[in-house]
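Engineer: This is what each chain is made of:
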Amino acid sequence: MSDGTTDTNRSGGLGFAVVGAILLVVMPLLNLLPPEDSWFHLSDFSLNRFGKFLAFAILALGLDLIWGYTGILSLGQGVFFGLGAYCMGMHMMLTIGKESVYGSDMPDFMVWNQVKELPFFWKPFYSFPAAVIGALLVPMAFALVFGFFAFRSRIKGVYFAIITQALALAAWLVFNRNDTNLGGTNGLTDFKQVLGYRLSEPGTQRALYVITVLCLGASYLLCQWIIRSRAGRVLVAVRDSEKRVVFSGYTPANYKLFVFVVSAGLAGLAGLLYAPQVGIITPAQIGVLPSLEMVIWVAVGGRGSLAGAVIGAVSVNYGRSVLTNYFPELWPFMLGGLFVLVVLLFPDGMVGMIRKGKDLLTRRKAGEEKPIVPNQKVVVPEGKR
Amino acid sequence: MAEPSSFQNSIIYLDGVTVDYDGFKALNHLTFMVDYKELRVVIGPNGAGKTTLLDVICGKTKPAAGRVVFGQDKELTGKHADEIVKLGIGRKFQAPSIYGNLTVWENLDLSLKRSSKGVFPTLFGKSTAEERARIEENLETIGLKDYAHTRAGSLSHGQKQWLEIGMVILQDPSLLLVDEPVAGMTDKETEQTGQLLQSLAEKHAIIVIEHDMEFVRQIARIVTVLHEGTVICEGTVEKVQADARVREIYLGRQKVAH
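Those sequence lines, one after another, are chains S and V.
Note that my numbering has the first sequence beginning at 1, numbered continuously upward.
Note that my numbering has the second sequence beginning at 386, numbered continuously upward.
It is possible that some hints are incorrect.
[What the hints assert, rightly or not] Okay, derived cross-link-like pairs now, DSS-like style, lysine-lysine, Cα gap no bigger than 30 angstroms in a straight line:
#1 V/K588 x S/K243
#2 V/K498 x S/K243
#3 S/K156 x V/K422
#4 V/K471 x S/K358
#5 V/K511 x S/K243
#6 S/K243 x V/K422
#7 V/K464 x S/K156
#8 V/K624 x S/K243
#9 V/K445 x S/K365
#10 V/K447 x S/K243
#11 V/K530 x S/K356
#12 V/K445 x S/K156
#13 V/K422 x S/K358
#14 S/K243 x V/K445
#15 S/K156 x V/K447
#16 S/K243 x V/K464
#17 V/K459 x S/K243
#18 V/K624 x S/K156
#19 V/K588 x S/K358
Quick caveat, the hints were computed from the structure, so don't treat them as lab data.
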């Protein structure tokens with residue numbers, strides 16, 4: 001439409017291609033080609049860890065869609081992530097077979113808990129396609145039902161945040177129980193294979209990494225397409241003035257439900273990719289605290305910017321994995337401090353800081369000839385009013 | 386039919402409407418009608434029920450008694466705000482309510498009347514040439530042609546008000562409700578707003594609520610004076626200003642600039 005938009009489209013497209021090439025081609029090659037003692041060598045561990053961060057970035061995209069663009073703070077994204085991860089985890093538990101510690105066809109924790117027969121809801125997960133589809137559809141269906149009632153009852157703002165946090169707590173409690181038959185506190189772990197490929201093989205992990213990059217790229221394009229459609233502008237309009245949206249003939253509740261379901265699907269996809277790369281999923285990764293951390297990723301990267309969500313998820317998690325090595329007890333304080341700092345000083349996160357810096361530079365270059373807003377006329381008040 | 390004859394010609398007809406806020410009657414058995422393509426100004430002191438009148442018409446407030454009829458036979462009583470919008474009633478709020486983070490063009494594009502405003506038609510929808518032409522024309526009408534790609538949040542107060550009027554017009558309403566459009570505007574902006582409303586009155590019926598008597602004199606053909614939730618006088622500006630009760634309750638309290 002405007003010249004400015006096409007400009008950003010072009011530079012955005014270039015950035016997407018460059019980052020995509022680095023993630024998709026350069027990183028796996030650095031892992032594969034240079035000898036292990038070379039400076040350029042990327043260890044299996046690093047690549048695998050980076051794959052985990054990129055899975056988190058997919059979740060951050062969805063959270064940015066609902067929080068950054070639509071202005072609805074969801075503190076329950078961890079639940080959708082967990083549903084996706086558990087769906088995939090259940091499939092991998094069932095494919096362990098006789099390799100398990102107890103040598104039974106049943107998952108180890110069930111043998112330990114003296115569960116005689118596989119619970120009915122485990123059975124569909126023998127099938128790999130069912131697990132993948134379940135990892136996407138179960139969180140989406142759950143968000144659809146939960147969101148339908150929440151948005152129809154006009155729950156918004158801080159109340160929506162609280163109710164989704166309660167959801168995260170409830171999910172954590174349910175997943176922790178042994179009677180739920182999902183492994184209790186220990187969760188699901190000791191996975192051996194996916195589709196016959198051994199998870200312990202570096203090649204399998206490399207493939208999972210590449211799949212994660214492709215999924216992230218596809219998710220990014222999906223979110224971008226939504227944002228640039230007219231419906232995406234309705235989402236921003238809901239954030240700016242919900243009242244006007246109603247009086248323009250839209251039903252905001254339907255748009256909120258749509259974006260909530262999409263964000264749940266992306267969180268489920270993130271969980272689906274997380275489980276085989278990390279090798280364990282426990283309730284500790286889906287409760288109140290992880291859900292809050294996810295919000296911090298987006299805040300640090302810059303909400304209302306898709307690139308910001310990705311940058312935030314990767315950089316905060318990278319910082320976490322480095323710092324927890326050296327100061328494990330301090331990490332929660334650093335994370336909290338980071339959040340306060342961002343909220344107080346950089347409300348638009350890292351992307352906002354970069355943008356401001358760029359603005360400053362271009363303005364200095366252009367001198368005072370160019371006004372900030374093109375064609376802005378100065379309205380001189382005539383007489384008192 | 387026992388209805389008054391003018392009811393046949395009216396676009397909006399309120400019959401004995403009462404709005405009760407915990408014992409305070411914001412509207413008290415109010416009967417009020419506006420003809421097609423009429424520009425009607427409603428005045429009255431604070432708390433007279435002016436904004437409540439608009440709230441009742443557009444479905445934001447439910448009356449305790451009475452009924453509201455739109456056009457010949459469309460009963461509005463009990464309908465939701467979004468249904469009423471679809472029937473053809475547009476509302477301009479008192480404080481500018483626009484989408485500050487979208488451009489002027491995007492603001493207008495979202496407001497444009499379309500066959501469906503559901504999530505999926507909106508997600509896949511593309512603008513047609515005809516729709517773009519309508520937006521161009523609208524930009525001309527509201528005097529924001531040079532600002533099409535400016536972020537709406539950075540417009541001046543007056544421009545925001547015009548933008549919102551433009552957004553409401555693009556919904557193609559047959560009745561336009563406008564709440565204090567010139568509050569906070571400069572004299573020049575006020576005059577331009579008056580011209581804008583008068584030109585719009587050629588195609589739409591408009592109800593304007595206003596405090597500013599100079600502005601009322603500029604645009605009004607017929608003025609309705611509300612007081613304590615009922616109509617106490619209706620007629621030309623001259624007739625209303627000459628009315629003894631109006632002088633006593635309204636004009637007496639507020640110095641009128643000559």
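Engineer: Now, for every hint given, state plainly whether the structure supports it.
Structural biologist: Verification of the hints:
Only pairs whose Cα atoms come within 30 angstroms are accepted, and V/K588 paired with S/K243 is accepted, the gap being roughly 26 angstroms. In summary, the hint linking V/K498 to S/K243 is supported, as the alpha carbons are separated by about 17 angstroms, within the 30 angstroms threshold. A C-alpha spacing of about 39 angstroms is found between S/K156 and V/K422, which places the hinted pair above 30 angstroms, so the restraint is violated. Simply put, V/K471 and S/K358 have alpha-carbon atoms about 44 angstroms apart, too far for the 30 angstroms limit, and the pair is violated.
At most 30 angstroms may separate the alpha-carbon atoms for a hinted pair to count; V/K511 and S/K243 meet this at roughly 24 angstroms. Restraint check for S/K243 and V/K422: the C-alpha separation of about 27 angstroms stays at or below 30 angstroms, so the hint holds. Pair hint V/K464 plus S/K156 holds up; C-alpha atoms about 23 angstroms apart against a cutoff of 30 angstroms. About 37 angstroms separates the Cα atoms of V/K624 and S/K243, which puts this hinted pair outside 30 angstroms; it is violated.
Straight-line distance between C-alpha atoms of V/K445 and S/K365 comes to about 51 angstroms, which puts the hinted pair past the 30 angstroms bound. In summary, the hint linking V/K447 to S/K243 is supported, as the alpha carbons are separated by about 17 angstroms, within the 30 angstroms threshold. At roughly 28 angstroms between alpha-carbon atoms, V/K530 and S/K356 fall within 30 angstroms of each other, so this suggested pair holds. Using a Cα cut-off of 30 angstroms, the hinted pair V/K445 and S/K156 holds, with the two alpha carbons roughly 19 angstroms apart.
This hinted pair does not check out: V/K422 and S/K358 have alpha carbons roughly 52 angstroms apart, beyond 30 angstroms. Under the criterion of a C-alpha separation no larger than 30 angstroms, the hint pairing S/K243 with V/K445 is consistent with the structure, at around 10 angstroms. Annotation: proposed proximity of S/K156 to V/K447 holds, straight-line Cα distance about 23 angstroms (limit 30 angstroms). Under the criterion of a C-alpha separation no larger than 30 angstroms, the hint pairing S/K243 with V/K464 is consistent with the structure, at around 17 angstroms.
Restraint check: the Cα-Cα separation between V/K459 and S/K243 comes to about 24 angstroms, which is no more than 30 angstroms; the hinted pair holds. For the hint linking V/K624 to S/K156, the alpha-carbon distance of about 49 angstroms lies beyond 30 angstroms, and the restraint is violated. For the given pair, V/K588 sits about 47 angstroms from S/K358 by alpha-carbon distance, which is inconsistent with the 30 angstroms threshold.
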